[in-house]
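These protein sequence lines are chains A and B, in that order.
Counting with our numbering, you get residues 1 to 404 for the letters of the first sequence.
Counting with our numbering, you get residues 1 to 404 for the letters of the second sequence.
Read the hints as simulated data drawn from the structure, not as lab findings.
Backbone N, C-alpha and C define an ideal beta-carbon position, used for all residues, glycine too.
Check each hint, because a few of them may be wrong.
Said to hold, decoys possible - Stretch-level coverage of chain B by chain A, calculated; a stretch enters the list once three of its residues show a Cβ under 8 Å from a Cβ in chain A:
#1 22-34
#2 38-46
#3 63-69
#4 83-93
#5 99-112
#6 117-124
#7 138-145
There are 2 protein chains.
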Amino acid sequence: MSMINAYSPGADISPEDRALIARREAVLGPAYRLFYERPVHVVRGEGVWLYGPGGEAYLDVYNNVACVGHSHPRVVEAIARQAATLNTHTRYLTDLVVDYAERLAAILPPELGRLMFTCTGSEANDLALRIARARTGGTGVIVTANAYHGVTAAIAELSPSLGPANPLGDHVRVVPVVGFAAAVRAALADMQASGIRPAALLVDTIFSSDGVFDDVPDFGEAVAAVRAAGGIFIADEVQAGFSRTGVAWGFQRHGLSPDLVTMGKPMGNGHPVAGVAARPEVVEAFGREVRYFNTFGGNPVSCAAGLAVLDVIRDEGLEANAREVGAYLRERLAPFGGVRGAGLFVGLQLESADEATRVVQALRERRVLISATGPRGDALKIRPPLVFSRANADQFIEALSAVV
Amino acid sequence: MSMINAYSPGADISPEDRALIARREAVLGPAYRLFYERPVHVVRGEGVWLYGPGGEAYLDVYNNVACVGHSHPRVVEAIARQAATLNTHTRYLTDLVVDYAERLAAILPPELGRLMFTCTGSEANDLALRIARARTGGTGVIVTANAYHGVTAAIAELSPSLGPANPLGDHVRVVPVVGFAAAVRAALADMQASGIRPAALLVDTIFSSDGVFDDVPDFGEAVAAVRAAGGIFIADEVQAGFSRTGVAWGFQRHGLSPDLVTMGKPMGNGHPVAGVAARPEVVEAFGREVRYFNTFGGNPVSCAAGLAVLDVIRDEGLEANAREVGAYLRERLAPFGGVRGAGLFVGLQLESADEATRVVQALRERRVLISATGPRGDALKIRPPLVFSRANADQFIEALSAVV
């Protein structure tokens, strides 16, 4: 969530872009930010490429939302066809929400067989929090030290990476990634001392905003401690899910079986669709007593987009591609710094935030898009569409070599 | 939000629909509900019509989301074209988010010139709450007695219509629609006595879940009292906005100028797009200190859908249609009960919830879709797509006559 590479009003920008920025600043709320000192104006996307108004091509090494590639024709066709046919809510009987839920259930562990749909990852985490409260009767939540889980009021309170202007709730405890299980046990003890009943451990299973960590050997021990204290484990797969790390779900790499799984960003390749997968017994009390209706959630167009994304991941072998190109990319990155991550979610540890900022800006000038992450903003965040090829990796490494 | 007309497992349902319901219940979370004792299975939509698997046509007198008619070809074409071109987030410079924000600003009062985009009305109200807190330093919120504002954890706490399993926050006060200003003043006094600083009065300007009220003469007085106490006024236009009541915005009918306006359901004719319009000074502190980024919010496809909806409302004269057909419909409804509402948002007061339930079910058997509303569920909620014609109104009245 760090915006180290934000727009600088003094930068050398074309008159057209400057005019568009002025219009934007006049009409959008002041909370909006632009990436890069010289913002990137994009008008078209295809595969791993984004294109500017003059046709200039940017290599996209950053956007995990367009997971099967920008404007993938099969996803576009599915959206167009379904939008022309039917788009309505789940209180009528419709086919696609059932088809899509069954497809998701088929790639999830069998115990996580109940799906609910929302429109954004924030909504998915917010819903998971509500389910966790109804299940446990508790309120306490443990998150990692620089976690990001979303922007609703309840989830911003659980997202330390949003900074001091988004204060954490009194019911929230933060833990480091290193020494994870011991810190979780200490957080549980502290909750008990404060009279707070634990509801959940909520973790992004690739620890993206903490700087990208693939190997957390005591993760399972931490989950066991939370369950022993009456809480549940929510795997936030908004970043790591959908084959990004070379397996279907990030939690699988840690050998874990969550109580709830939240998902979002890549699900519709940019179409707003997200959701929660639950163990039946975990969602039972919430479903019976509380109810939940999301007007747009699970509509047939969103489900058609989601189904098309799953089809493309399967038919184009993108999970294997994430493993293979990811391994190649990490190997080629090793000379540049400490490499972490799995599949096509890679963190490259540099010396300082200043260096990371300089590299991100210099790559932008070479029309290569990445960003930085971590509590100090000193790691590069490398997270291209899953169709990223070995040749794309070579091109990225070449650009990186030129700027480091 | 009442689900008085929910699916009854014993009902006479086709084997195919029964099989689909069984699959649905096996894979969706138990929080999902179906309308009607005999659920309506829909596979296609066009204009004011929804169609079942056998081609049977249902007259849609209920769905405000498909505001320009189901699967309107101009909206479908805009979505398909833009999805094939570019779909990315607002941290790059893109044209459509600026174009769309300017179009919205042009139909809003000039003081509400700053737009922010989310994907759902729940997210819009959640964001408005966060802005209100940052602006006022307060936490207290006043809502109507049977209000519904959304399903995030923070907004469910402000939505008494969700029932006792969704307890209201300690910082929330509820007021009746009748005797509004006096009740708001009493709520403010009670907050002061409890040491709660007011943040906002949050009101759906057609009072939909309270039973549909078009005439609340002391609304302005209530808003003035909240502002005098340091709070702001948030107009929830998720239901009343986008010409539904025969004017652009529901608050205009009450002669009010809100501090924040939230919008959602009809914006994209079913595509998940929603937003907040703000006075610059109201959103300034939030924008500077807190920031906000919604991954899918304001993406080019959502904005293309939103622009197409505004084009169709203008080109097909749907605001005037809402006024004219709405007036005709209300006139023809008068013999059946107490008529409330404006434009094509109409409440028909019946004797009891039992009667309302019976009418809703009987109309469904005649393939006419409506629902019920109000704290006792004893008012019919009549809210068709804005392309509803006088002939459609006649057809609806004919069906209603046959079942009452």
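When I compare C-beta atoms, does the region 38-46 of chain B have three or more residues closer than 8 Å to chain A? holds (count 7)
Mind checking, does the region 22-34 of chain B have 3 or more residues with a CB under 8 Å from chain A? holds (count 11)
Checking C-beta pairs, does the region 63-69 of chain B have three or more residues closer than 8 Å to chain A? Holds: 3 residues of the region 63-69 of chain B have a Cβ under 8 Å from chain A.
How does the coverage statement for the region 83-93 of chain B fare against chain A, requiring three or more residues with Cβ below 8 Å from a Cβ of that chain? holds (count 11)
Are three or more residues of the region 99-112 of chain B within 8 Å, CB to CB, of chain A? holds (count 3)
Using a Cβ cutoff of 8 Å, are there at least 3 residues of the region 117-124 of chain B near chain A, or does the coverage claim fail? Result for this restraint: holds, n = 6.
Check, residue by residue, whether the region 138-145 of chain B contains three or more positions whose beta-carbon lies closer than 8 Å to a beta-carbon of chain A, and give the verdict. With 0 residues close enough to chain A, the hint is violated.
The structure fails hint 7 only (numbered hints given earlier).
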